[in-house]
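Protein sequences, first through last, are from chains U and E. For the first sequence, position 61 matches number 61 in the numbering used here, and the numbering has no gaps at all. For the second sequence, position 59 matches number 59 in the numbering used here, and the numbering has no gaps at all.
Source of the hints: derived by calculation from the structure; they are not laboratory data. Careful: at least some of the hints might be erroneous.
As the list claims (entries may be wrong) - Simulated crosslink set (BS3-like; lysine-lysine; CA at most 25 Å straight-line): (1) E:K102 x U:K22; (2) E:K54 x U:K40; (3) U:K52 x E:K102; (4) U:K52 x U:K40; (5) U:K67 x U:K22; (6) E:K5 x E:K68; (7) U:K44 x U:K67; (8) U:K36 x U:K67; (9) U:K71 x U:K52; (10) U:K19 x U:K44; (11) U:K36 x U:K19; (12) E:K71 x U:K67; (13) U:K36 x E:K102; (14) E:K71 x U:K9; (15) U:K19 x U:K41; (16) U:K40 x U:K19; (17) U:K71 x E:K102; (18) E:K71 x E:K102; (19) U:K41 x U:K71; (20) U:K71 x U:K40; (21) U:K22 x U:K36; (22) E:K5 x U:K9; (23) E:K68 x E:K54; (24) E:K5 x U:K36; (25) E:K102 x U:K41; (26) E:K71 x E:K5; (27) E:K68 x E:K102; (28) E:K56 x U:K71; (29) U:K52 x U:K41; (30) E:K5 x U:K41; (31) U:K44 x E:K5; (32) E:K56 x E:K68; (33) E:K54 x U:K41; (34) E:K56 x E:K71; (35) U:K40 x E:K56; (36) U:K67 x U:K19; (37) E:K56 x E:K102; (38) U:K44 x E:K71; (39) U:K9 x U:K44; (40) U:K52 x U:K9.
If you want the building blocks of each chain, they are given just below.
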Amino acid sequence: DTAVSQTPKYLVTQMGNDKSIKCEQNLGHDTMYWYKQDSKKFLKIMFSYNNKELIINETVPNRFSPKSPDKAHLNLHINSLELGDSAVYFCASSQELSRRRYNEQFFGPGTRLTVL
Amino acid sequence: DQQVKQNSPSLSVQEGRISILNCDYTNSMFDYFLWYKKYPAEGPTFLISISSIKDKNEDGRFTVFLNKSAKHLSLHIVPSQPGDSAVYFCAASAPTPGTASKLTFGTGTRLQVTL
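Looking at chain U on its own, in the form it has when it is part of the complex (with noise of 0.2 Å):
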């Protein structure tokens, strides 16, 4: 019954390799975002899809291309991988703004990327 669900859970790969991250939740939400955990621990969102639609897209790099297949998956892809990619990739999804003036979101066990 997870309700945001991440794979793969560790991924190691060589620079200049393609990966993607897939995401999945069963909590019925129309949004959908993807976060960065740096080395320093700070946790920054690199995107935000609504109902398969782009809604924000923060500075980066256009290696990185996110893909929503539906609203209950958002998919991470990565082209080209370098050294300072490797950091833990959240997932996380929420309610519709629209439906409830604010909103909590809830976020996947993460993956931790590392690029040799």
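Given the coordinates of chain U, assemble chain E onto it according to the supplied hints.
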């Protein structure tokens, strides 16, 4: 430019006592604040929140206080229990025109509750 700051990276409290975790923010547009708890190798778990129209919100052992004039909020846990040992993140959001809220997080405070 860190808009949400948790200046204490760690805190140690004895079981049964009160834990007070602090958070400061700089963006006066923030109007909703949240606390998340995080165990190792897990994602952050929502704990409690407060909107800027309130100055206090209570949920069981957890109380969040907001001082808008000082741009400061705190999380009180009483009594503290060993299971409360985790990293606590403060987060804030500002009104957005769209359908998604952007949370800005602090760097976290590691709470250790000792026996």
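Hints versus structure:
no.	hint	verdict
1	E:K102 x U:K22	holds (21 Å)
2	E:K54 x U:K40	violated (32 Å)
3	U:K52 x E:K102	holds (17 Å)
4	U:K52 x U:K40	violated (31 Å)
5	U:K67 x U:K22	holds (9 Å)
6	E:K5 x E:K68	holds (15 Å)
7	U:K44 x U:K67	holds (19 Å)
8	U:K36 x U:K67	holds (16 Å)
9	U:K71 x U:K52	holds (6 Å)
10	U:K19 x U:K44	holds (20 Å)
11	U:K36 x U:K19	holds (15 Å)
12	E:K71 x U:K67	violated (37 Å)
13	U:K36 x E:K102	holds (13 Å)
14	E:K71 x U:K9	violated (37 Å)
15	U:K19 x U:K41	holds (22 Å)
16	U:K40 x U:K19	holds (23 Å)
17	U:K71 x E:K102	holds (18 Å)
18	E:K71 x E:K102	holds (19 Å)
19	U:K41 x U:K71	violated (28 Å)
20	U:K71 x U:K40	violated (31 Å)
21	U:K22 x U:K36	holds (14 Å)
22	E:K5 x U:K9	violated (28 Å)
23	E:K68 x E:K54	holds (9 Å)
24	E:K5 x U:K36	holds (17 Å)
25	E:K102 x U:K41	holds (18 Å)
26	E:K71 x E:K5	holds (11 Å)
27	E:K68 x E:K102	holds (20 Å)
28	E:K56 x U:K71	violated (35 Å)
29	U:K52 x U:K41	violated (29 Å)
30	E:K5 x U:K41	holds (12 Å)
31	U:K44 x E:K5	holds (13 Å)
32	E:K56 x E:K68	holds (11 Å)
33	E:K54 x U:K41	violated (29 Å)
34	E:K56 x E:K71	holds (14 Å)
35	U:K40 x E:K56	violated (30 Å)
36	U:K67 x U:K19	holds (13 Å)
37	E:K56 x E:K102	holds (23 Å)
38	U:K44 x E:K71	holds (21 Å)
39	U:K9 x U:K44	holds (19 Å)
40	U:K52 x U:K9	holds (24 Å)
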